[in-house]
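Chains as they are written, first to last, in the working numbering: chain G, 20 to 391; chain V, 20 to 391.
Just so you know, the hints here were simulated from the structure itself, not pulled from any lab data. All clues given are correct.
Footprint (simulated), chain V over chain G, 3 or more residues, beta carbon under 8 Å:
| no. | region |
| --- | --- |
| 1 | 161-172 |
| 2 | 279-286 |
| 3 | 302-313 |
Glycine included, C-beta positions come from ideal geometry on N, C-alpha and C.
2 protein chains.
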Amino acid sequence: MGDPLTSVGTPSLLIDLDAFDANLTAMAAFAARHGVALRPHAKAHKSSEIAKRQIAAGAAGVCCQKLSEAYPFAAAGIASIHVSNEFVGADKIAMAVELASHTRLSVCVDALTQVRALGEAAARASVTLDVLPEIDAGQHRCGVTSVDALFALVDEIAAHDALKFTGIQAYHGGIQHVADWDARKTAAAHAAEITAHYVQALDTRGVRCAIVTGGGTGTVEFDAASGVYNELQPGSYLFMDGDYGGLGWDGELRWRHSLFVLSTVMSATRPGMAVCDVGLKGLAVDSGLPRSAIWIDAGTEAELSYVAANDEHGMLRAQSKPQEDVAALVGKRLLLPPGHCDPTVNLYDEYVCYRGERVADIWPIDARGMSR
Amino acid sequence: MGDPLTSVGTPSLLIDLDAFDANLTAMAAFAARHGVALRPHAKAHKSSEIAKRQIAAGAAGVCCQKLSEAYPFAAAGIASIHVSNEFVGADKIAMAVELASHTRLSVCVDALTQVRALGEAAARASVTLDVLPEIDAGQHRCGVTSVDALFALVDEIAAHDALKFTGIQAYHGGIQHVADWDARKTAAAHAAEITAHYVQALDTRGVRCAIVTGGGTGTVEFDAASGVYNELQPGSYLFMDGDYGGLGWDGELRWRHSLFVLSTVMSATRPGMAVCDVGLKGLAVDSGLPRSAIWIDAGTEAELSYVAANDEHGMLRAQSKPQEDVAALVGKRLLLPPGHCDPTVNLYDEYVCYRGERVADIWPIDARGMSR
Chain G
20 MGDPLTSVGT PSLLIDLDAF DANLTAMAAF AARHGVALRP HAKAHKSSEI
70 AKRQIAAGAA GVCCQKLSEA YPFAAAGIAS IHVSNEFVGA DKIAMAVELA
120 SHTRLSVCVD ALTQVRALGE AAARASVTLD VLPEIDAGQH RCGVTSVDAL
170 FALVDEIAAH DALKFTGIQA YHGGIQHVAD WDARKTAAAH AAEITAHYVQ
220 ALDTRGVRCA IVTGGGTGTV EFDAASGVYN ELQPGSYLFM DGDYGGLGWD
270 GELRWRHSLF VLSTVMSATR PGMAVCDVGL KGLAVDSGLP RSAIWIDAGT
320 EAELSYVAAN DEHGMLRAQS KPQEDVAALV GKRLLLPPGH CDPTVNLYDE
370 YVCYRGERVA DIWPIDARGM SR
Chain V
20 MGDPLTSVGT PSLLIDLDAF DANLTAMAAF AARHGVALRP HAKAHKSSEI
70 AKRQIAAGAA GVCCQKLSEA YPFAAAGIAS IHVSNEFVGA DKIAMAVELA
120 SHTRLSVCVD ALTQVRALGE AAARASVTLD VLPEIDAGQH RCGVTSVDAL
170 FALVDEIAAH DALKFTGIQA YHGGIQHVAD WDARKTAAAH AAEITAHYVQ
220 ALDTRGVRCA IVTGGGTGTV EFDAASGVYN ELQPGSYLFM DGDYGGLGWD
270 GELRWRHSLF VLSTVMSATR PGMAVCDVGL KGLAVDSGLP RSAIWIDAGT
320 EAELSYVAAN DEHGMLRAQS KPQEDVAALV GKRLLLPPGH CDPTVNLYDE
370 YVCYRGERVA DIWPIDARGM SR
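Isolated chain G (complex conformation) (with noise of 0.2 Å):
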């Protein structure tokens, strides 16, 4: 703590606490204001101390991609977790009970299947769980494709004591990224006019939905207003990256970049190169290289690409640099920020987080690996 960004050692994951926060309070703020839930997505931080911070801001709870992912949160004491994804499986249906007698557990389904062996094993360990079947809002992954098919899973669920019908989860992850405002505004109207079918002929037949949960950073103005969703799941907005930083953004809310990798250079020997110590191994590639990259040390002024990802280099592209003058660059640090930043935060165990260039905090990132 207090030390200078300088002497932290690279590579680290770093965020910029005055960013974060920035995110973290418009982002609460935004859902009171238009009178959503907000349920974050703890699968972009893998973090309880962060799931803390988003509690404390107003969240009702947190939403884990997987069962496993759920453990540190559930350790940690947050008291309401969503698993907004579909699980098989004689271990991981172990795995939804033992947590659901930890923690307030709502779980995903779109298989009739699911539902037997959830409600027996669940009334077999004498815990409840609340269960959101899964509709297919337009992505074409998981979730029932006709009402018929949600009906059944309705009826399933009544017939079992131990579960729970508290709603639906309507995502669509495509359309998040649909980089012009107006075409993501029109996507984002499309997936929830769909939703609304299911909510309205559920309605039709006398089935209460509690929760229309759904939504995420790229479209969640539009989810907020569409009138159709009560529940928020957005996850990458307390990040961004490079991804979502490329996007659009004409509405009201505004996101910092506030997750970077932080790298030194370690090798220059040819002109108008240099290499970092980063590769695939601490940056995610799969939605691009990191597309700037800011150096932390006073002085030093390079106009700079990362242009490559090996295992464990990171290649440079220092223009039309001199020899002599990119070899001047070595053992100088730079924040490069994730084109991704889920499986970024994926590949590192904590965050260093700082305040003007000083270490201000470490959270462990306790749900890393946990993909089961």
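With chain G fixed as given, assemble chain V onto it according to the hints.
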């Protein structure tokens, strides 16, 4: 131990021990037959259990790519570790000196400042380090680019009693992945020619170059035959991956896929598509998606392709199967061969080793995440 693969939690990282043993033995025998030392690259497996097996099969030691990566290997008693990469900064120098007090450590350099810092720190700590300047064998990444620069490093090393010049590092990563066998042979010959140029210059100057280390899985037959290298650094041969598996292999060696991610189908609500529980957080996709999927459940016959990775979802195209048929796949398990082994390994904490579809061993991936 003894459990069937159908009871192992998913996702899990699996090693087929029959294939693994065949690869381990084949490379050890190959190196012995050609009279070259084998120093396998531990960045591929990050496991001291595997390093011990490589040493037992005749390896001279292991390579690591980062200093922190070397720690678990030193702690496990691996007596000779070569860090085949540059590093910079007081914290890294301190790590090198600490490691050198526990194992025979060799390191790479390509800058005079690093040699000086190492020499001073090693002298203060009364340890000795073997130092191998890296030469740029054509990859244009790290390494000196002239004989004069190499001579300057050799002279500086000689000026420090705590440092010992033992040879040169000459690795070209890019040519490992040239698909065509003959084209790869030509590329390897060119890299060997560059390397030989530096070795001859040292010889002419009266400097003995005891170790010429380099080479990788893709070029190992050419490297051994070149007469230039006397130590080889292959890593991926133990596991293979989609990238290496897609290359032409026209020589004396054949490798088997021994590394797989075990996954479960957890949703299938639409015709021709299923969803499994392994995505970006369980599979590195930088070198492509899994090119095949092997069902481990008896009686399941499905032509199926892994077509997209979301964070925790793998999209499987099940050809023209109707919905009833894909629904029957839910709960079934499959083995996915990763596109790129190294960064996939870096996502897991342990290997589940199996023989004949029964769990035979669990090996910790004790250097996972060690990128400093």
